[in-house]
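Top line first, the protein sequences correspond to chains A, B, C and D. According to the working numbering, the first sequence holds residues 609 to 791 in order. According to the working numbering, the second sequence holds residues 609 to 791 in order. According to the working numbering, the third sequence holds residues 609 to 791 in order. According to the working numbering, the fourth sequence holds residues 609 to 791 in order.
Read the hints as simulated data drawn from the structure, not as lab findings. Check the hints yourself; a few may be wrong.
For chains that are exact copies, the list does not tell them apart, and a pair is met inside one copy or across any two.
Simulated crosslink set (DSSO-like; lysine-lysine; CA at most 27 Å straight-line) [stated by the list, open to error]:
#, residue 1, residue 2
1, Lys747, Lys662
2, Lys610, Lys768
3, Lys768, Lys681
4, Lys662, Lys610
5, Lys747, Lys610
Fair warning: this is a prediction, and the values are worked out from it, not measured in the lab.
There are 4 protein chains.
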Amino acid sequence: MKRRIALISTGGTIEKTYDELSGVLANQVSVLDFMLATLEIRGVSIQRVSLMNKDSLEMTAADHTLIAETATKLAATLAGVVVVHGTDRLAISGERCCELVGTPASPIVFTGAMRPYELRSTDALQNLTEALLAVQLVKPGVYVAMHNQVLQFPGVTKDKGAGTFVKEPPTGTSSPGGSGGRG
Amino acid sequence: MKRRIALISTGGTIEKTYDELSGVLANQVSVLDFMLATLEIRGVSIQRVSLMNKDSLEMTAADHTLIAETATKLAATLAGVVVVHGTDRLAISGERCCELVGTPASPIVFTGAMRPYELRSTDALQNLTEALLAVQLVKPGVYVAMHNQVLQFPGVTKDKGAGTFVKEPPTGTSSPGGSGGRG
Amino acid sequence: MKRRIALISTGGTIEKTYDELSGVLANQVSVLDFMLATLEIRGVSIQRVSLMNKDSLEMTAADHTLIAETATKLAATLAGVVVVHGTDRLAISGERCCELVGTPASPIVFTGAMRPYELRSTDALQNLTEALLAVQLVKPGVYVAMHNQVLQFPGVTKDKGAGTFVKEPPTGTSSPGGSGGRG
Amino acid sequence: MKRRIALISTGGTIEKTYDELSGVLANQVSVLDFMLATLEIRGVSIQRVSLMNKDSLEMTAADHTLIAETATKLAATLAGVVVVHGTDRLAISGERCCELVGTPASPIVFTGAMRPYELRSTDALQNLTEALLAVQLVKPGVYVAMHNQVLQFPGVTKDKGAGTFVKEPPTGTSSPGGSGGRG
Numbered sequence: 609m610k611r612r613i614a615l616i617s618t619g620g621t622i623e624k625t626y627d628e629l630s631g632v633l634a635n636q637v638s639v640l641d642f643m644l645a646t647l648e649i650r651g652v653s654i655q656r657v658s659l660m661n662k663d664s665l666e667m668t669a670a671d672h673t674l675i676a677e678t679a680t681k682l683a684a685t686l687a688g689v690v691v692v693h694g695t696d697r698l699a700i701s702g703e704r705c706c707e708l709v710g711t712p713a714s715p716i717v718f719t720g721a722m723r724p725y726e727l728r729s730t731d732a733l734q735n736l737t738e739a740l741l742a743v744q745l746v747k748p749g750v751y752v753a754m755h756n757q758v759l760q761f762p763g764v765t766k767d768k769g770a771g772t773f774v775k776e777p778p779t780g781t782s783s784p785g786g787s788g789g790r791g
Numbered sequence: 609m610k611r612r613i614a615l616i617s618t619g620g621t622i623e624k625t626y627d628e629l630s631g632v633l634a635n636q637v638s639v640l641d642f643m644l645a646t647l648e649i650r651g652v653s654i655q656r657v658s659l660m661n662k663d664s665l666e667m668t669a670a671d672h673t674l675i676a677e678t679a680t681k682l683a684a685t686l687a688g689v690v691v692v693h694g695t696d697r698l699a700i701s702g703e704r705c706c707e708l709v710g711t712p713a714s715p716i717v718f719t720g721a722m723r724p725y726e727l728r729s730t731d732a733l734q735n736l737t738e739a740l741l742a743v744q745l746v747k748p749g750v751y752v753a754m755h756n757q758v759l760q761f762p763g764v765t766k767d768k769g770a771g772t773f774v775k776e777p778p779t780g781t782s783s784p785g786g787s788g789g790r791g
Numbered sequence: 609m610k611r612r613i614a615l616i617s618t619g620g621t622i623e624k625t626y627d628e629l630s631g632v633l634a635n636q637v638s639v640l641d642f643m644l645a646t647l648e649i650r651g652v653s654i655q656r657v658s659l660m661n662k663d664s665l666e667m668t669a670a671d672h673t674l675i676a677e678t679a680t681k682l683a684a685t686l687a688g689v690v691v692v693h694g695t696d697r698l699a700i701s702g703e704r705c706c707e708l709v710g711t712p713a714s715p716i717v718f719t720g721a722m723r724p725y726e727l728r729s730t731d732a733l734q735n736l737t738e739a740l741l742a743v744q745l746v747k748p749g750v751y752v753a754m755h756n757q758v759l760q761f762p763g764v765t766k767d768k769g770a771g772t773f774v775k776e777p778p779t780g781t782s783s784p785g786g787s788g789g790r791g
Numbered sequence: 609m610k611r612r613i614a615l616i617s618t619g620g621t622i623e624k625t626y627d628e629l630s631g632v633l634a635n636q637v638s639v640l641d642f643m644l645a646t647l648e649i650r651g652v653s654i655q656r657v658s659l660m661n662k663d664s665l666e667m668t669a670a671d672h673t674l675i676a677e678t679a680t681k682l683a684a685t686l687a688g689v690v691v692v693h694g695t696d697r698l699a700i701s702g703e704r705c706c707e708l709v710g711t712p713a714s715p716i717v718f719t720g721a722m723r724p725y726e727l728r729s730t731d732a733l734q735n736l737t738e739a740l741l742a743v744q745l746v747k748p749g750v751y752v753a754m755h756n757q758v759l760q761f762p763g764v765t766k767d768k769g770a771g772t773f774v775k776e777p778p779t780g781t782s783s784p785g786g787s788g789g790r791g
């Protein structure tokens with residue numbers, strides 16, 4: 609009786625691999641399946657959706673819309689959706705989901721990484737682990753799960769200095785807090 | 609505005625280290641702090657409690673009671689408690705928490721590992737990551753978080769063949785499912 | 609024009625793997641091929657010989673003789689032989705080679721590890737790397753390559769306290785030094 | 609009675625680290641000391657010389673001369689020299705050593721890597737291990753040790769397609785083979 613979720617890959621730092629000839633890290637092949645192979649996944653069954661493999665700095669408005677449409681559509685029929693995304697423009701795709709449907713039928717959880725999985729020291733596995741757990745625990749909504757935090761859209765932005773996501777304080781309301789889990 | 613939680617270490621496979629002279633894996637020093645150093649922890653601030661360092665097969669009834677009393681007491685004043693525990697007797701300590709207080713004041717989340725952190729291939733980091741996220745997302749109660757699942761006590765047991773925890777189906781009730789997150 | 613060498617596996621700590629059910633490290637399957645897959649081997653072509661898979665503390669006199677006979681026989685037709693061996697009794701097999709043939713036709717290089725390859729922190733890859741290089745560089749003879757040292761038999765023993773091999777000072781001779789490379 | 613050698617770092621792929629802000633791998637700090645900390649070094653005692661930290665594609669003629677002069681000078685007083693160098697221009701520094709002194713007083717062994725140490729999958733540790741062993745085993749001369757091979761200058765070039773070093777066949781001579789160890 610596992611929950612069936614979609615895992616959408618769009619690229620980003622988390623999936624960058626090293627090209628020996630050019631000596632740079634780039635989005636070439638998806639390494640998500642290698643990451644999944646190192647985890648014990650018993651709570652969800654995963655439907656893989658390879659949507660694109662882009663550094664999010666290169667995403668167009670059409671890309672963000674495609675990601676949001678795909679995620680909200682899958683959320684309508686599955687128990688949840690996890691989206692792996694470059695962190696630089698992750699918040700744009702997250703906000704786009706909210707604009708499209710307000711609250712999706714099941715949780716949509718974005719994640720990414722500041723350091724590629726290919727690196728010896730990386731936050732990729734931590735963040736993927738968190739997204740795959742959070743999608744089972746939070747109420748329907750749009751979130752980012754990363755660095756031991758689950759933050760709910762709208763109002764999430766990347767703090768480039770700190771290298772992580774933060775929740776903007778809502779204006780004129782007495783918010784119960786940023787983490788969407790129990791609020 | 610991080611949640612303050614306690615992280616109680618009691619030993620178990622997850623913390624076993626290799627002794628070159630004897631050639632065996634044993635509970636010697638806590639490796640929890642090394643594990644924490646590899647994670648980005650931004651959702652919680654952690655108060656470390658080193659309670660014991662035992663293979664759970666060697667725990668006495670008094671040990672289980674001490675663990676349950678310590679966890680429930682800390683849950684009364686903090687936003688949550690994570691307990692790192694050997695998997696063989698983890699369920700005994702979990703049930704003891706339920707017997708002591710029914711529902712604790714904040715979530716108590718047990719975790720452990722089938723393969724020590726010292727191994728190249730291990731579930732230790734995944735499970736610790738999950739426990740440190742779940743403790744922020746679930747309602748007050750006693751849980752085990754491991755292998756992409758959060759299961760709520762009472763009624764959780766280790767399936768030794770599968771090497772993981774399972775939730776016994778409640779008898780005579782129409783349960784909403786095993787994972788305690790949204791139930 | 610690679611040199612063709614034999615790689616004999618006999619077990620030992622280097623090859624121990626973790627059994628989740630019993631919670632111990634034991635010699636079960638050879639992990640040598642996994643190790644080789646992580647190295648770039650361009651100087652030699654390797655003929656794998658899986659002779660036994662034993663903790664060397666459990667080796668009998670017949671085992672040591674079998675290892676020595678196999679190694680010296682292969683050294684007669686190939687450009688070299690590497691033997692992966694438990695460190696506790698490695699020196700017995702090494703001395704047995706010297707007793708059998710004095711100087712073999714091509715180098716026989718023993719190696720092993722103090723910490724299994726399965727561990728996150730291990731000397732297994734370093735030692736295997738060294739043996740596979742030393743076998744190309746030293747003169748015909750019997751050696752152990754480990755921990756950045758190449759020591760020539762006879763007269764090599766394990767220093768259990770230091771967890772490594774040492775060369776006994778030869779008595780009454782003006783030795784050119786323990787490392788067999790240039791002597 | 610360890611041999612005293614110099615370990616000169618000049619940069620190159622082997623030492624590149626990841627900059628989270630820019631998302632690129634670059635020569636920033638030397639990671640050689642981290643690598644050394646993961647190895648058991650008992651055959652040599654190491655004198656670290658941090659000469660420069662450059663991608664070798666950016667080395668000038670003066671850089672190559674400085675490297676060659678430093679290496680040959682240190683070879684005159686120590687038991688050997690290991691030089692960590694970018695692979696693209698490694699052969700230029702190697703040939704420069706030969707031009708300067710012909711045969712140095714003790715072995716000079718160059719090494720590098722096709723994939724930075726920072727990557728999960730890297731040849732950096734293998735190559736450093738090999739250089740630190742080869743420097744003890746080969747005759748005085750200038751070499752590159754990498755990928756299970758020790759090749760002697762002059763006449764070594766990088767095969768960019770294969771991503772490794774090769775020895776050009778000497779013209780008009782019946783060479784005993786490329787590896788400098790026993791030739």
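### Query
From the Cα coordinates, with 27 Å as the cut-off, is the pair Lys610 and Lys768 best called within, between, both, or neither?
between (36 Å within a copy, 20 Å between copies)
### Message
As a check of your reading, is Lys768 near Lys681 (CA-CA no more than 27 Å) within one copy, between copies, both or neither?
### Response
Classified as neither; 30 Å inside a copy, 39 Å across copies.
### Message
Please sort Lys662 with Lys610 into within, between, both or neither, judging by C-alpha distance up to 27 Å.
### Response
neither (31 Å within a copy, 33 Å between copies)
### Query
How would you label the pair Lys747, Lys662 (within, between, both, or neither) given a Cα cut-off of 27 Å?
For Lys747 and Lys662, neither the intra-copy (29 Å) nor the inter-copy (38 Å) Cα distance is at most 27 Å.
### Task
Up to 27 Å between alpha-carbons, please classify Lys747 paired with Lys610: within, between, both or neither.
both (17 Å within a copy, 21 Å between copies)
Of the hints listed earlier, those the structure fails to meet are numbers 1, 3 and 4, in rising order.
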